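*Asks:* Protein sequences appear in the order of chains C and U.
Position 164 of the first sequence, counted from 1, bears residue number 164 in this note's numbering, the numbering being contiguous throughout.
Position 202 of the second sequence, counted from 1, bears residue number 202 in this note's numbering, the numbering being contiguous throughout.
A hint or two may mislead.
Computed, partial: chain U to chain C, Cβ under 7 Å [as the list claims (entries may be wrong)]:
#1 Phe-92
#2 Pro-204
#3 Thr-205
#4 Ala-208
#5 Val-213
#6 Asp-223
#7 Ser-225
#8 Pro-227
One-sided and incomplete, this derived list gives chain C residues near chain U with beta-carbon spacing under 8 Å [what the hints assert, rightly or not]:
#9 Ser-118
#10 Gln-125
#11 Gln-129
#12 Ala-132
#13 Ala-152
#14 Asp-154
Worth flagging that the hints you see were computed from the coordinates, not collected in a lab.
On a predicted model such as this, the values are computed, not experimentally measured, just so you know.
All residues carry an ideal CB built from backbone N, CA and C; glycine is no exception.
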Amino acid sequence: MSIKHGLLALLSEGPRYGYELRSSFEARTGGAWPLNAGQVYTTLGRLERDGLVTQEGTDDEGHLYYALNDAGRAELQAWFDAPVERTPPPRDELAIKLALATGLAGIDLAAVVQRQRSATLATLQALTQQKATALDAEHPGPLVVLDALLSAADAEARFLDVFDARTASRPNHRGDR
Amino acid sequence: MTTVLQLRAVGRTHGSGGSEVVALAAVDLEVAAGEVVSVMGHSGSGKTTLLALAGGLDAATTGEVLVEGTSLTSMSRGERAALRRRSIGYLFQELNLLPALTAAENVALPRELDGASARAARREALEALAALELDGVADRFPDDLSGGQQQRVAIARALIGERRLLLADEPTGALDTVAGEGVLRLLRARADAGAAVVLVTHEPTHAAWADRVVFLRDGRVVDESRPRAGATR
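Extracted from the complex, chain U is given alone in its bound form (with noise of 0.2 Å):
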């Protein structure tokens, strides 16, 4: 299977001397194409920052970061750009949907940044939208939808294109139980239609859609599981 993904002793220190804090320490993670790799660990343990390093959303400051095969450090800002708005799905605690675009612009946005025609970017979105069961609100603005709705649609926009790296982090927050395990079951079928997916949250039965489960501890990789053999699949 292609790695998508690779952490090598990545490391991420804040501050310096005597007030240094080590969010990350030498954690090594790869991520296979068509797999759900779950990170789970107390708030603290490094779960958002290692997400946020594997998008390239903050700079490691030791080891390195590959993104199919290409190291992120080595890349021109421009290039990281361009590569987190082709390549990389993400799905945050946070929505960061523009309140002055309807959510289908919402949705169609990165595609239309990456050079889609608007008639072409409309379109996906509107797929991707009805994938969410979102049809009806597509020309709706975001404060006109439901918190759950809003969720959905932020989904949308991470999944839309031909994202091969989904980093999600909490990713059903405002849902109830049983949307919330479509959402899970949503990134399921992706990771099985060939993403990558990194899923980090501190919801048992959420890490359990995944094939590996990392646990993290002050930093550090502690334990990883994987499904009791035998289970049917």
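So here's chain C without its partners, still in its complex pose (with noise of 0.2 Å):
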């Protein structure tokens, strides 16, 4: 899963304690999944007793360093090297309330269709304007985020088209209005 894998990926880099990690995921994949701190040291003490890091020791401030051993290259490597799975897709509210709308009397399709539209166009817009910020920012990290997430709701709002253009002649939608 994204966060063994993600911390891994930073413990490559060299030896890091525990809120370093935090904070440099976030930095890296601009905070769109922020980790709490419960999570960070939940998946190091399970990376430890898998025995893919090996702890390093304290610094003088007490911080407790983990390090990637050789197991935990290979555990990385592994995951570069495969193509993350999607199946089965998670549940999609959006779909599911398209097709049940459909077959239902009085319910104004076109105009579902446009709220859903006009919400999806300004999560758009909001995440085009922190685009605008991260183009221009040091690590691209964020950036790849943002694309991703701007795919996907770009992606809906195609699927919205589809699905009006699709349903244009049915008797229950309104597209004359």
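The task is to assemble the complex, starting from two chains supplied on their own in separate frames and drawing on the hints.
*Replies:* Right under this line is the structure:
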């Protein structure tokens, strides 16, 4: 999973302590999926238990350092080598809502779609504003994450267009309002 | 903020009687200096008609279009032409570059028509081309340029001078995603510097560069969206 491999990836740059890992994860991915301290320490504990990282002792300030070992390096390489699996797809509320709406009387499909389109565009606009800043940022990581989120919102907007076109002639579609 | 473009109950009908087609029906829209407004809608929803009316390239059947407070219908033909040349930049799907003129000459043309000296117009043209990373091709003819370069020359021509109203219709057509993004950032920067921008597009990711997105359907405004509150800016 992403936290485990995310921490392994950061540790491949050298030994780090927990708080450091948490902040560099956010700096590199843009804070769309912030980690809490508990997740970081729990994950480090599991990585150590599974023999993928090793404790490196503490510094003067008492920070406990972890380092990647050979098994951890192999696990990280395997993660980069394998495509990310997305099956089964997560339950998609919008697809389910529209699928059900097409069969129900008294639902104004055009209005449902337009409200969603407007909300999706608002999301795209907000992400684009963040992207305008990220384009000039030093590290490209946050831009990569924003591009992924933008692509997903873009796909949703396109899906709405396809849905709109497909249902335009349906009897309960008030497209001529 | 100063309103640069104002559409008051603007309608455009083609034909008459039984064959009458309503391209745009009583649309109200205001675009202020510093603002990018995107117009979205299916083909035939009236997007391009709206842009043509806003730019004085077509005349409204009903209602009125005001640019910087002056109604286009109250202007003489000459006044309208001068306004189009000086104040309005057009970025349309058809590039309309003149094949007998070099890139720099194409870009300088509106400034020369406006009375700028050839030397001053060329200097401005070279600056506009440089802003689009086209310094190297200033003296080439359109036919010697790639599609993407031609597109950017057309954009430089639209942006040259003090254009207070920029009207763009799918302006990134021939460009790849990243180059297209450069054009959108440029429009955004122009707005941030005080221009009013209307961007017609069917691409959600392009529309997202706007402050407001207006949705057209069958010639009417059906909805509008703004960035979700809490967005960083």
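*Asks:* Please go over all the hints and tell whether each is borne out by the structure.
*Replies:* Right, here's what the structure says about each hint:
| no. | hint | result |
| --- | --- | --- |
| 1 | Phe-92 | 23 Å, violated |
| 2 | Pro-204 | 4 Å, holds |
| 3 | Thr-205 | 5 Å, holds |
| 4 | Ala-208 | 4 Å, holds |
| 5 | Val-213 | 5 Å, holds |
| 6 | Asp-223 | 5 Å, holds |
| 7 | Ser-225 | 4 Å, holds |
| 8 | Pro-227 | 4 Å, holds |
| 9 | Ser-118 | 4 Å, holds |
| 10 | Gln-125 | 4 Å, holds |
| 11 | Gln-129 | 5 Å, holds |
| 12 | Ala-132 | 7 Å, holds |
| 13 | Ala-152 | 11 Å, violated |
| 14 | Asp-154 | 5 Å, holds |
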